[in-house]
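Those sequence lines, one after another, are chains L, V and Y.
Residues in the first sequence are numbered from 1 upward in steps of one, following this note's numbering.
Residues in the second sequence are numbered from 1 upward in steps of one, following this note's numbering.
Residues in the third sequence are numbered from 1 upward in steps of one, following this note's numbering.
Because the hints were derived from the structure by calculation, they are not lab data.
Treat the hints with care, since some could be wrong.
[Unchecked claim] Keeping only pairs whose Cα atoms sit at most 30 angstroms apart, straight-line, the calculated DSBU-like set for lysine-lysine is:
1) V:Lys53 <-> V:Lys38
2) L:Lys64 <-> V:Lys38
3) V:Lys38 <-> L:Lys146
4) L:Lys19 <-> V:Lys49
5) V:Lys38 <-> Y:Lys140
6) L:Lys19 <-> L:Lys96
7) L:Lys146 <-> L:Lys96
8) L:Lys19 <-> V:Lys69
9) Y:Lys24 <-> Y:Lys132
10) V:Lys19 <-> V:Lys69
11) Y:Lys140 <-> V:Lys49
12) V:Lys53 <-> V:Lys69
13) Y:Lys140 <-> V:Lys53
14) V:Lys69 <-> L:Lys146
15) Y:Lys140 <-> V:Lys19
16) L:Lys137 <-> L:Lys19
17) Y:Lys65 <-> Y:Lys132
18) Y:Lys24 <-> Y:Lys140
19) L:Lys64 <-> V:Lys5
20) Y:Lys120 <-> Y:Lys69
21) Y:Lys160 <-> Y:Lys65
22) V:Lys38 <-> L:Lys79
23) L:Lys64 <-> L:Lys96
24) L:Lys137 <-> V:Lys19
25) L:Lys96 <-> V:Lys69
26) Y:Lys132 <-> Y:Lys120
27) Y:Lys120 <-> Y:Lys160
28) L:Lys146 <-> V:Lys5
29) V:Lys19 <-> V:Lys49
30) V:Lys53 <-> V:Lys19
31) V:Lys38 <-> V:Lys49
32) V:Lys38 <-> Y:Lys132
33) L:Lys79 <-> L:Lys96
34) V:Lys19 <-> Y:Lys65
35) L:Lys137 <-> V:Lys5
36) Y:Lys160 <-> Y:Lys24
37) Y:Lys132 <-> V:Lys49
38) V:Lys109 <-> L:Lys79
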Amino acid sequence: MVVYSFYIFDRHTECIYSKTWLPTSSDPSSGSGPATATATTTTTNHNHYNPATALRPSTADDAKLIFGAVFSLRNMVRKLGGDDDAFVSYRTAHYKLHYYETASSLRLVMLTDTATLSMRNVLHQIYINLWVEYVVKNPLSPVEHKGGVGVRNELFELGLDQFIRGLI
Amino acid sequence: MASSKASRLGEDRRTRMDKVNAELVVLTYGTIVAQLCKDFDSDYVEVNKQLDKMGYNIGMRLIEDYLAKSNTVRRCSSFRETAEMIAKVGFKIFLNITPAITNWTSDGKQFSLVFDENPFADFVELPDDGRAQDELWYSNIMCGVLRGALEMVQMQVEAHFVSDVLRGNDTTEMRISLIRYIDDELPPEDD
Amino acid sequence: MSYYFAIIGTQDNPLFEYEFGTSKQGGDGQARFSEQARHLNQFVLHSSLDIVEEVQWTNGQLYLKVIDKFFNNYISCFMTGGNVKFLLLHQPTATAAGATRNSTSVGANPTSPQTEEAIKNFFNEVYENYIKAIMSPFHKVNMEIRSPVFRQRVAAAGRKYL
Chain L
1 MVVYSFYIFD RHTECIYSKT WLPTSSDPSS GSGPATATAT TTTTNHNHYN
51 PATALRPSTA DDAKLIFGAV FSLRNMVRKL GGDDDAFVSY RTAHYKLHYY
101 ETASSLRLVM LTDTATLSMR NVLHQIYINL WVEYVVKNPL SPVEHKGGVG
151 VRNELFELGL DQFIRGLI
Chain V
1 MASSKASRLG EDRRTRMDKV NAELVVLTYG TIVAQLCKDF DSDYVEVNKQ
51 LDKMGYNIGM RLIEDYLAKS NTVRRCSSFR ETAEMIAKVG FKIFLNITPA
101 ITNWTSDGKQ FSLVFDENPF ADFVELPDDG RAQDELWYSN IMCGVLRGAL
151 EMVQMQVEAH FVSDVLRGND TTEMRISLIR YIDDELPPED D
Chain Y
1 MSYYFAIIGT QDNPLFEYEF GTSKQGGDGQ ARFSEQARHL NQFVLHSSLD
51 IVEEVQWTNG QLYLKVIDKF FNNYISCFMT GGNVKFLLLH QPTATAAGAT
101 RNSTSVGANP TSPQTEEAIK NFFNEVYENY IKAIMSPFHK VNMEIRSPVF
151 RQRVAAAGRK YL
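Based on the provided sequences and hints, a complete structural model is requested.
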């Protein structure tokens with residue numbers, strides 16, 4: 001199992017945290033961003049495709065694209081399946097995107113390789129054990145994390161890194 | 001049935017929480033209120049406002065703890081269910097009390113929480129300056145907590161106390177009104 | 001039997017005072033101090049504070065029993081851990097005192113074990129209520145206790161034990 005990247009969006013749709021686990025490279029040969037991938041593709045042609053390099057233009061743009069995609073998908077899922085329905089993940093030829101939304105409209109997104117099983121529980125654990133414990137309960141971090149203020153503290157970063165590495 | 005389920009959930013979660021000495025809470029909260037009264041020169045209207053503001057900031061954080069601890073996975077389907085969860089799970093896990101839910105309006109948008117015990121108010125006697133009894137809502141922080149917490153789960157509410165045993169009323173009652181459900185925020189348009 | 005009860009703060013400042021009479025043996029709970037004695041009581045009580053300082057370290061108890069006597073006025077003392085003194089001045093009715101010197105009834109004989117025990121119970125109950133009163137967040141150290149609830153409770157304790 002490989003985890004490529006992880007994003008947190010707050011209720012104001014802002015990306016307040018992102019992290020990638022693969023070394024960045026300046027290879028510009030990438031093709032499609034995640035927003036253009038088709039949600040139900042099941043083809044399995046792994047031609048040395050690395051989403052981390054595909055997501056190069058700039059992390060800020062990636063985050064915007066990802067949010068747009070998951071937000072639209074979530075709304076579509078709710079329209080079709082009712083308000084209680086939740087969008088869990090989608091998969092492309094090259095990666096799988098996992099999505100978890102809390103009742104307080106915090107959205108956690110994780111990109112992994114296609115073989116990974118549901119990460120819903122993992123995202124839930126990140127929320128209750130890392131986000132709530134180290135970010136929300138940190139009295140020095142603000143309530144709203146505009147621009148990611150207060151999220152990137154050492155405990156959270158370290159906890160997240162260890163937790164993800166523990167999965168692999 | 002749903003309500004007894006909520007009670008069980010509240011009881012169950014409470015037993016797993018870390019506990020803190022009740023008197024520590026009473027004294028800490030009491031000191032805050034007393035200090036506010038001193039800082040604002042016994043302007044109790046302003047003290048109420050400050051308590052509400054502090055509660056609001058607490059509520060915005062507390063809701064995350066509540067969601068994590070109660071393992072809530074879906075939203076309440078109605079405001080009535082929200083009221084049940086507030087009284088039987090929220091108050092139970094954080095204060096170990098279960099206020100009674102009464103006085104619903106027919107449109108289901110307003111209800112009262114009646115507290116038969118209030119852990120903040122043990123030992124408390126309001127100052128006898130002739131005004132505190134009429135102006136100070138001692139436990140006003142709770143209104144703010146509810147307002148902040150519900151705002152985070154997309155409900156804009158208004159909460160205020162209508163009576164308090166500390167003032168000599170028979171009951172302690174808080175009135176909560178749903179103003180509106182807040183829509184999802186949309187991402188800003190790209191230029 | 002008449003009683004004058006006072007709480008003295010750490011600066012030897014009075015925090016609370018209350019006068020009452022016995023409710024035992026058909027007493028009506030009213031103090032029977034003469035107008036002059038009522039003023040004198042305060043002096044008698046405060047003058048015993050010196051004795052309190054002398055005896056407070058002699059035993060580890062909070063209840064110091066009768067520590068001082070001024071003519072027919074007996075002073076019992078109870079010290080809280082925070083160095084606040086509860087002082088109770090008790091004055092047996094002059095005639096009754098002579099007639100029933102050996103009586104064991106509470107009040108008639110101020111130094112009998114029964115009386116000591118009754119006063120101890122009274123102090124303990126007042127102490128409990130005193131703690132509740134000073135736990136109120138609006139109460140400050142060495143501030144006069146004005147709570148009507150506390151006054152009622154002291155009165156109730158007086159009726160119950162004395």
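How the hints compare with the structure:
1. A hinted pair counts as satisfied when its Cα atoms are at most 30 angstroms apart, and Lys53 of chain V with Lys38 of chain V qualifies at roughly 17 angstroms.
2. Pair hint Lys64 of chain L plus Lys38 of chain V does not hold up; C-alpha atoms about 49 angstroms apart against a cutoff of 30 angstroms.
3. Taking the CA atoms of Lys38 of chain V and Lys146 of chain L, the gap is about 34 angstroms. The hint is violated against a cut of 30 angstroms.
4. The hinted pair formed by Lys19 of chain L and Lys49 of chain V fails the criterion: a straight-line CA distance of about 40 angstroms is larger than 30 angstroms.
5. About 12 angstroms separates the Cα atoms of Lys38 of chain V and Lys140 of chain Y, which keeps this hinted pair within 30 angstroms; it holds.
6. Between Lys19 of chain L and Lys96 of chain L the CA atoms are separated by roughly 16 angstroms; this keeps the pair inside 30 angstroms, and the hint holds.
7. A threshold of 30 angstroms between alpha carbons decides the hint, and for Lys146 of chain L with Lys96 of chain L the separation of about 28 angstroms falls inside it, so the pair holds.
8. The hinted pair formed by Lys19 of chain L and Lys69 of chain V meets the criterion: a straight-line CA distance of about 26 angstroms does not exceed 30 angstroms.
9. For the proposed pair Lys24 of chain Y and Lys132 of chain Y, the alpha carbon gap of about 27 angstroms is at most 30 angstroms, so the pair holds.
10. Distance hint between Lys19 of chain V and Lys69 of chain V is fulfilled; the C-alpha atoms sit about 14 angstroms from each other, no more than 30 angstroms.
11. Note on Lys140 of chain Y and Lys49 of chain V: the hinted pairing holds, with a Cα-Cα distance of about 24 angstroms set against a maximum of 30 angstroms.
12. Taken as a hint, the Lys53 of chain V and Lys69 of chain V pair is honoured in the structure, with Cα atoms around 24 angstroms apart against an allowance of 30 angstroms.
13. A threshold of 30 angstroms between alpha carbons decides the hint, and for Lys140 of chain Y with Lys53 of chain V the separation of about 26 angstroms falls inside it, so the pair holds.
14. Distance check on the hinted pair: Lys69 of chain V and Lys146 of chain L sit about 25 angstroms apart at the alpha-carbon level, within 30 angstroms; holds.
15. Under the criterion of a C-alpha separation no larger than 30 angstroms, the hint pairing Lys140 of chain Y with Lys19 of chain V is consistent with the structure, at around 28 angstroms.
16. Only pairs whose Cα atoms come within 30 angstroms are accepted, and Lys137 of chain L paired with Lys19 of chain L is accepted, the gap being roughly 21 angstroms.
17. Between Lys65 of chain Y and Lys132 of chain Y, the direct Cα distance comes to roughly 24 angstroms. Compliance with the 30 angstroms bound is thereby established for this hinted pair.
18. Pair hint Lys24 of chain Y plus Lys140 of chain Y does not hold up; C-alpha atoms about 36 angstroms apart against a cutoff of 30 angstroms.
19. In summary, the hint linking Lys64 of chain L to Lys5 of chain V is not supported, as the alpha carbons are separated by about 41 angstroms, beyond the 30 angstroms threshold.
20. Simply put, Lys120 of chain Y and Lys69 of chain Y have alpha-carbon atoms about 18 angstroms apart, close enough for the 30 angstroms limit, and the pair holds.
21. Restraint check for Lys160 of chain Y and Lys65 of chain Y: satisfied, since their Cα atoms lie roughly 19 angstroms apart, inside the 30 angstroms limit.
22. Restraint check for Lys38 of chain V and Lys79 of chain L: the C-alpha separation of about 54 angstroms exceeds 30 angstroms, so the hint is violated.
23. For the proposed pair Lys64 of chain L and Lys96 of chain L, the alpha carbon gap of about 18 angstroms is at most 30 angstroms, so the pair holds.
24. Of the supplied pair hints, the one linking Lys137 of chain L and Lys19 of chain V holds, its CA atoms being roughly 16 angstroms apart against a limit of 30 angstroms.
25. Using a Cα cut-off of 30 angstroms, the hinted pair Lys96 of chain L and Lys69 of chain V holds, with the two alpha carbons roughly 29 angstroms apart.
26. With a C-alpha separation of about 19 angstroms, the suggested pairing of Lys132 of chain Y with Lys120 of chain Y holds against the 30 angstroms cut-off.
27. At most 30 angstroms may separate the alpha-carbon atoms for a hinted pair to count; Lys120 of chain Y and Lys160 of chain Y meet this at roughly 12 angstroms.
28. Taking the CA atoms of Lys146 of chain L and Lys5 of chain V, the gap is about 38 angstroms. The hint is violated against a cut of 30 angstroms.
29. Between Lys19 of chain V and Lys49 of chain V, the direct Cα distance comes to roughly 29 angstroms. Compliance with the 30 angstroms bound is thereby established for this hinted pair.
30. Of the supplied pair hints, the one linking Lys53 of chain V and Lys19 of chain V holds, its CA atoms being roughly 25 angstroms apart against a limit of 30 angstroms.
31. Using a Cα cut-off of 30 angstroms, the hinted pair Lys38 of chain V and Lys49 of chain V holds, with the two alpha carbons roughly 14 angstroms apart.
32. The straight-line distance between the Cα atoms of Lys38 of chain V and Lys132 of chain Y is roughly 22 angstroms, inside the 30 angstroms bound, and the hint therefore holds.
33. About 23 angstroms separates the Cα atoms of Lys79 of chain L and Lys96 of chain L, which keeps this hinted pair within 30 angstroms; it holds.
34. Straight-line distance between C-alpha atoms of Lys19 of chain V and Lys65 of chain Y comes to about 41 angstroms, which puts the hinted pair past the 30 angstroms bound.
35. The straight-line distance between the Cα atoms of Lys137 of chain L and Lys5 of chain V is roughly 28 angstroms, inside the 30 angstroms bound, and the hint therefore holds.
36. Of the supplied pair hints, the one linking Lys160 of chain Y and Lys24 of chain Y holds, its CA atoms being roughly 9 angstroms apart against a limit of 30 angstroms.
37. Taking the CA atoms of Lys132 of chain Y and Lys49 of chain V, the gap is about 28 angstroms. The hint holds against a cut of 30 angstroms.
38. Note on Lys109 of chain V and Lys79 of chain L: the hinted pairing holds, with a Cα-Cα distance of about 25 angstroms set against a maximum of 30 angstroms.
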